[in-house]
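Protein sequences appear in the order of chains A and B. Per our numbering, the very first residue in the first sequence carries number 1; after that it's consecutive. Per our numbering, the very first residue in the second sequence carries number 89; after that it's consecutive.
Careful: at least some of the hints might be erroneous.
Claimed, not checked - Here are the in silico distance ranges between beta carbons for each label pair:
hint, chain 1, residue 1, chain 2, residue 2, range
1, A, G51, B, F97, 13 to 23 Å
2, B, E163, A, L87, 19 to 29 Å
3, A, M66, B, E157, 26 to 36 Å
4, B, R146, A, P10, 29 to 39 Å
5, A, M66, B, A125, 15 to 25 Å
6, A, D8, B, R108, 41 to 51 Å
7, B, A164, A, L83, 34 to 44 Å
8, B, K95, A, E42, 16 to 26 Å
9, B, R106, A, E75, 19 to 29 Å
As the list claims (entries may be wrong) - DSSO-like, lysine-lysine: derived pairs with alpha carbons at most 27 Å apart:
hint, chain 1, residue 1, chain 2, residue 2
10, B, K143, A, K33
11, A, K33, B, K136
12, B, K121, A, K33
13, B, K153, A, K7
14, B, K147, A, K55
15, A, K48, A, K65
16, A, K48, B, K121
17, A, K33, B, K170
18, A, K65, B, K95
19, A, K48, A, K33
20, B, K158, B, K147
21, B, K153, A, K59
22, A, K41, B, K170
23, B, K147, B, K170
24, A, K65, B, K129
Calculated from the structure, these hints are not laboratory results. Positions of the beta carbon are idealized from the N, C-alpha and C atoms, including for glycine.
There are 2 protein chains.
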Amino acid sequence: MADAKVKDFPKKGETDARLRSFIERVERLEAEKAELAEDIKEIYGEAKVNGYDPKIMRKIVRMRKMDVEKRREEEALIDVYKLAVGLD
Amino acid sequence: MADAKVKDFPKKGETDARLRSFIERVERLEAEKAELAEDIKEIYGEAKVNGYDPKIMRKIVRMRKMDVEKRREEEALIDVYKLAVGLD
């Protein structure tokens with residue numbers, strides 16, 4: 001569970017209850033985020049076992065997030081620059 | 089909903105169903121992660137309205153994640169280095 005990863009504040013410390021509550025809320029969500037990141041890593045691992053290259057997949061995920069026009073523009077520009085510096 | 093943010097693959101393209109499924113799973117989790125990041129931002133915003141400094145809070149969250157001994161060691165070292173370069 002996400003909560004298990006969240007530290008307790010000192011019980012009898014003079015912590016500001018309101019600030020503590022904000023921090024704890026952030027920490028709970030951060031723990032959930034970390035779990036999702038872990039799940040994502042597992043999917044890439046599973047894909048790798050199935051013969052897919054995780055590095056390339058990450059590039060694909062990034063590309064699919066982009067606006068199509070922006071992506072094509074960028075790809076065209078990369079080709080131009082590659083040519084310019086002799087990258088074949 | 090998280091799913092709304094996930095793009096559809098071309099319906100009649102010759103995409104590899106397995107690869108597509110991996111990518112879609114990753115994208116779904118990435119969308120959830122993005123939502124959590126948004127929620128976290130909102131908490132910091134709420135804290136700010138209540139007079140707390142989000143930048144300092146982020147430092148506190150980072151510190152609480154650290155091993156206590158490691159953190160104290162680092163803090164001591166920072167003091168030493170500050171002294172060494174005349175940071176007061």
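Hints, one by one, checked against the model:
no.: 1; hint: A:G51 <-> B:F97: 13 to 23 Å; in the structure: holds (19 Å)
no.: 2; hint: B:E163 <-> A:L87: 19 to 29 Å; in the structure: violated (47 Å)
no.: 3; hint: A:M66 <-> B:E157: 26 to 36 Å; in the structure: violated (44 Å)
no.: 4; hint: B:R146 <-> A:P10: 29 to 39 Å; in the structure: violated (20 Å)
no.: 5; hint: A:M66 <-> B:A125: 15 to 25 Å; in the structure: holds (19 Å)
no.: 6; hint: A:D8 <-> B:R108: 41 to 51 Å; in the structure: holds (43 Å)
no.: 7; hint: B:A164 <-> A:L83: 34 to 44 Å; in the structure: violated (54 Å)
no.: 8; hint: B:K95 <-> A:E42: 16 to 26 Å; in the structure: holds (22 Å)
no.: 9; hint: B:R106 <-> A:E75: 19 to 29 Å; in the structure: holds (25 Å)
no.: 10; hint: B:K143 <-> A:K33; in the structure: holds (19 Å)
no.: 11; hint: A:K33 <-> B:K136; in the structure: holds (22 Å)
no.: 12; hint: B:K121 <-> A:K33; in the structure: holds (6 Å)
no.: 13; hint: B:K153 <-> A:K7; in the structure: holds (8 Å)
no.: 14; hint: B:K147 <-> A:K55; in the structure: violated (31 Å)
no.: 15; hint: A:K48 <-> A:K65; in the structure: holds (21 Å)
no.: 16; hint: A:K48 <-> B:K121; in the structure: holds (22 Å)
no.: 17; hint: A:K33 <-> B:K170; in the structure: violated (34 Å)
no.: 18; hint: A:K65 <-> B:K95; in the structure: holds (8 Å)
no.: 19; hint: A:K48 <-> A:K33; in the structure: holds (23 Å)
no.: 20; hint: B:K158 <-> B:K147; in the structure: holds (15 Å)
no.: 21; hint: B:K153 <-> A:K59; in the structure: violated (30 Å)
no.: 22; hint: A:K41 <-> B:K170; in the structure: violated (39 Å)
no.: 23; hint: B:K147 <-> B:K170; in the structure: holds (18 Å)
no.: 24; hint: A:K65 <-> B:K129; in the structure: holds (21 Å)
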